[in-house]
Amino acid sequence: MLLEIRNLHVSVEGKPILRGIDLAVAAGEVHAIMGPNGSGKSTLANVLAGREGYEVTGGEVLYRGRNLLEMPPEERAREGIFLAFQYPVEVPGVSNIYLLKAAVNAVRKHRGLPELDAMDFLKLVREKLRLVQMDEQFLYRSVNEGFSGGEKKRNEVLQMAVLEPTLGILDETDSGLDIDALRIVSEGVNSLRSPERAFLVVTHYQRLLNYIVPDRVHVLAGGRIIRSGDRTLALELEERGYGWLLDEAARGQAAGQAAS
Amino acid sequence: MSAQPQTRAGAGEAFAAAFRERRGGLPGAGLAWLEGLREQALERFLAVGFPSPRDEDWRYTDVRVLARRLGVPSAGPGPVAEEAVRALAFEGLEAHRIVFVDGFLAPALCAVGPLPEGAAVGGLAEALARDPEALAPWLRLPEGADGLMALNLAFMTDGLHLRLDDGVVLDRPVHVIHLRSGAGASAHLRHVLVLGRGARATVIESVAAVSEAEAVDNQGTTVVLGEGAALDHYHVREAGPRLYHVGAAGVRQEAGSRYVSHDVTLGGRLTRSGIHVELAGEGAECVLNGLYVVGGRQQVDCHTRIEHRSAGAVSRELYKGVLDGRARGAFTGRVVVHPGAQRTDAEQANHNLLLSEDAEADSRPQLEIYADDVKCSHGSTVGELDETALFYLRSRALDEALARSLLIYAFASDVLERMALEPVRRQLERRLTERLLRPEEAEGVI
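Protein chains in written order, with my numbering: chain A, 111 to 370; chain B, 186 to 631.
Derived by calculation from the structure, the hints in this document are not laboratory data.
Don't take every hint at face value.
Stated by the list, open to error - Facing chain B, a subset of chain A residues (Cβ under 7 Å, in silico):
id, residue
1, 188
2, 217
3, 353
Unchecked claim - Examples of chain B residues toward chain A, derived with CB under 8 Å:
id, residue
4, 572
5, 574
6, 577
7, 581
8, 589
9, 591
10, 595
11, 629
12, 630
Even for Gly, the Cβ is constructed at its ideal location relative to N, Cα and C.
This is chain B alone, in the form it adopts within the complex (with noise of 0.2 Å):
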């Protein structure tokens, strides 16, 4: 046996001859740099190959499933009616809208209203066609990148680009849709968001897919939050049974800004979810919310990495699943207090619900502290339904059914109800109740 990591030395074989004949019709062709980024980035995933299971950071993700169904990258969108597209707005929602169809743009299913001065929102393809050295600082390959987020480098054709310039504020939120048609395998999508000094916008994600093809997402974003700056940050996922999707989220705060996740997981046959938050400044502070209701053979592993680098950073994580059949979910929230960043304030939960005896649950809560003057807290459990809430609503002539969705409800909801954009919050909500109740019984239950 060679040391040939988890490439089977075949799919290595098919990127790398996908690379040659693709990479002049990529986003960005001819541009020294990124061309340079991309060869760099496709040899290391050579080098490295897709995360192997005994990597700690990969040990809940099947990697080999995910593995085996990522083909080469699509060449090209494959078609998305607008119904489907409409099927996916929030009710009561203005916001401007980016589409993208198997990781491409898809220009006639936008609709972007006037920005403000200072105000960039559109396709990362056509921004660097337009200003390419304003990226450059933030298409980089990470040290350590591993062999998925090296792949998405090497290959990403699209995604969203929103720059505000200091002070700009963004009142209409940015709803970016992700379709995937059913052809193509995989689609690597690359966001990059960057708001200056005070500037201020919010930004949702759906993840869907339009048909029951297999297919494979791997998705990269870039955020970078100036001084004071603030972005919500909203993840839908409600794709079908079929879809593997792999996003991962770096995020980088100056001082006084402030990040708020919501990150819901709803569909899927596989999600992972990566944040990785750099409070880089004094007093950044992050909200990290996450919410998976998963059954079937669904899985879902949400991966948190928090760094305290600055004094008087604050952040806030909070974790539910909701788990039934044989699904499994598996959080980790690593936070670390580095050397100096004193009066650290970070408090962490992951709770989880199991509603099956084959439904698994995995809860990593890791604290690394390296400072003195530091308030740090972590829970995390894993459990089934309360029987005594249980008896106590039957005991009101409520049957078992009801109470048992009741109590699922409530118990997702509360991370729902963190959610500061309404139409969000309620179709949310309303998907929920749907999913646990009878009509008749979900009505005044919001």
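Next comes chain A alone, as it looks inside the complex (with noise of 0.2 Å):
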């Protein structure tokens, strides 16, 4: 299994975000995570990744066998985890190609393989520049500063395609992006796609889903999977939205308190 997420309870600031959740992610597959707004989706993205601020309470997660959480980020992103921000960081005063280049090294010395030099790296990143339709121009541009939302996601997907990952997880990715830039950043995500790779999709709306088909649909709320399904079930959430799928749940906890 590539990721095992096993009963991990997360808070932020003292609060409970994340309350037991279990997710198998085999190579190969897509897994979109759907729910509500705060129903602990980015955290999730975001723990995953290494982000501070996060306490993990109790649980655990195995990437490849090996204990994530216990990885510094730079550690993650090396041994192949990229997560696609759903707020992409302006870097005022570090150029787009420096990060890149900055960042392919650091993958590959991890891995034991030589440094890119400039030509064979500049013929990489042309290559996927083309996958998002960027223009060369913004290699030598401030990371993401004064860059459009769309530009901003586009870019995103740009790191992800130089760095192959093994596991790319998008949060929110779709948010605030037209229907040519959905459409952009859904093919560069597909032409990632591989028996190799894995992704977890975290979305609020079926749409993009329509683009990056899944293996696997799941629903967070209140912190945790309250149902997971084929790509049937974003389409049902898509016709009957999240109230019934919440009131199931609610049913459901009521009255495994009552049996208890």
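Quick one: dock chain against chain with the hints and give me the complex.
Okay, structure coming up:
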């Protein structure tokens, strides 16, 4: 199993956000994490990438059989985890191309590969730029500075394409995208799908899943996965909203409590 | 206890004695007006002493530490090898070079090329010997001058003299290098830069020390810009950890003139940089940029005062500080909009990055506005590196040390990017990357 999350509990500033998540993702699969606002979707994405400020109060996460939660963020990245941010960060004064090159070479070094020289690197980046239909001039601009919402999201997918992760986590990558940008971003992601690679797609809306078709869909609410299914679950959610599922879950919980 | 100010009686006596002994040999000796000025200045110093830490304007400079080390002025220059001067050259910059050692012109180390008609570039002592009356209006004891400024005027040994007649454009910049050899206790340079109507020049001042001996600089600068004149003024301080440097610049701007200052401190034990700009003429513009990147026990105190005295003048001020170790950085930015200075447009910002628990930054924006039709803004921050940006870079596989260094570099280089003179900008960017990054990481960052 590529990723195994077992009974994961996470608090933010003392407040429980994730309350027992179990999830297993095999190589080659795409899993969608859906759910209403405030259900803990972004927390899950950020905890997996190693962001500070999230306290794991229980459970474990194994990535390729190793304890993921022990690794600093840069080690997770080098081991093949990539988080496409919901709000990509502007880094004035650091150029896109510098970041891409430093990132690629950090990963290569970690894997015992020689660093790419300037020519090979540029060749690789140009190829990936075409994938997300970005102009080469973006390489020489400061990371995300002054980029439009769509450009930022495309830049995330560019970074992901260049780094070729084993586990790509997309945190609300569809938010704020118009239909054309959504298509470009999705095609970028789809081109990366392979038997060795898995994706966790965090999204509020079904729309993205028309383009990036998932193998499994999980609904997160109140810090727990309350329903899992195949892609038809996403379609059902689009039609009926989250309300009925939340009601069912609440009834189930009440019944459980009454029984105990 | 007597009301004796900061001058210890002994120190005052030592300076008075040194003055009696040296006065006959100081530049302009024999000129009644200048001797009068020097005497008046010494008296002022003896009366007011060194500035006190209780004095608002000197709250953030450790004046007592400075005063203890400020011995009587050097009697002459110590030896300096030519390599030391070459090491301070900016790669790719063709400039007239004027070198001072311990406060004295070092002719053998200077290189002044052909100058346009109506331009004078050289030493102040030499100019005083040649045409003293032309300098008389610019050498005065300012009202309210503090003890250090008074001491500078009493003992001034030499300095840059730059004079451009109306309309004269100096294409090639002037690079002034001030070196300390380790000989003598204090140096008192006075630079006088006078640009006529529409004249233009660029001056870069480098301050450095070739020895590790303790030394004190007490420098004064007078800048006068005629109507429509423009001066780009760079200060680059990279002295070792035992140089105490005080500089006070007074800038007077006539209508439509433009003064651009880049004030960079990367070295020195204690640096006090004072800039006082008088926007006297309508539509004059000043741009004050500053950067200090220090650590250890270094101290930097940037003290600026911009006076909008006339309508439609513009001032832009940005100072940034990066403080590590137990370093202290202070910024005071006073902007005074005088009555009648309508349509004043003033912006000021000071941002500081603290890299250690023991580092300290003090930021004091001070606005005094006595006109009603004005646009003034100011902002100041003291903070740490942005955690979100740090996580973003680390999530892209960069180790934490590199991520931090990149963000520090980006924060600081924002000031350097405003420099028009590319060789100076490039060199300072390289200095910063050398300090922050390993060579293989530095490639491509600039």
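Going down the list of hints, with the structure as the test:
{"no.": "1", "hint": "188", "in the structure": "5 Å, holds"}
{"no.": "2", "hint": "217", "in the structure": "5 Å, holds"}
{"no.": "3", "hint": "353", "in the structure": "34 Å, violated"}
{"no.": "4", "hint": "572", "in the structure": "7 Å, holds"}
{"no.": "5", "hint": "574", "in the structure": "5 Å, holds"}
{"no.": "6", "hint": "577", "in the structure": "4 Å, holds"}
{"no.": "7", "hint": "581", "in the structure": "4 Å, holds"}
{"no.": "8", "hint": "589", "in the structure": "12 Å, violated"}
{"no.": "9", "hint": "591", "in the structure": "5 Å, holds"}
{"no.": "10", "hint": "595", "in the structure": "3 Å, holds"}
{"no.": "11", "hint": "629", "in the structure": "5 Å, holds"}
{"no.": "12", "hint": "630", "in the structure": "6 Å, holds"}
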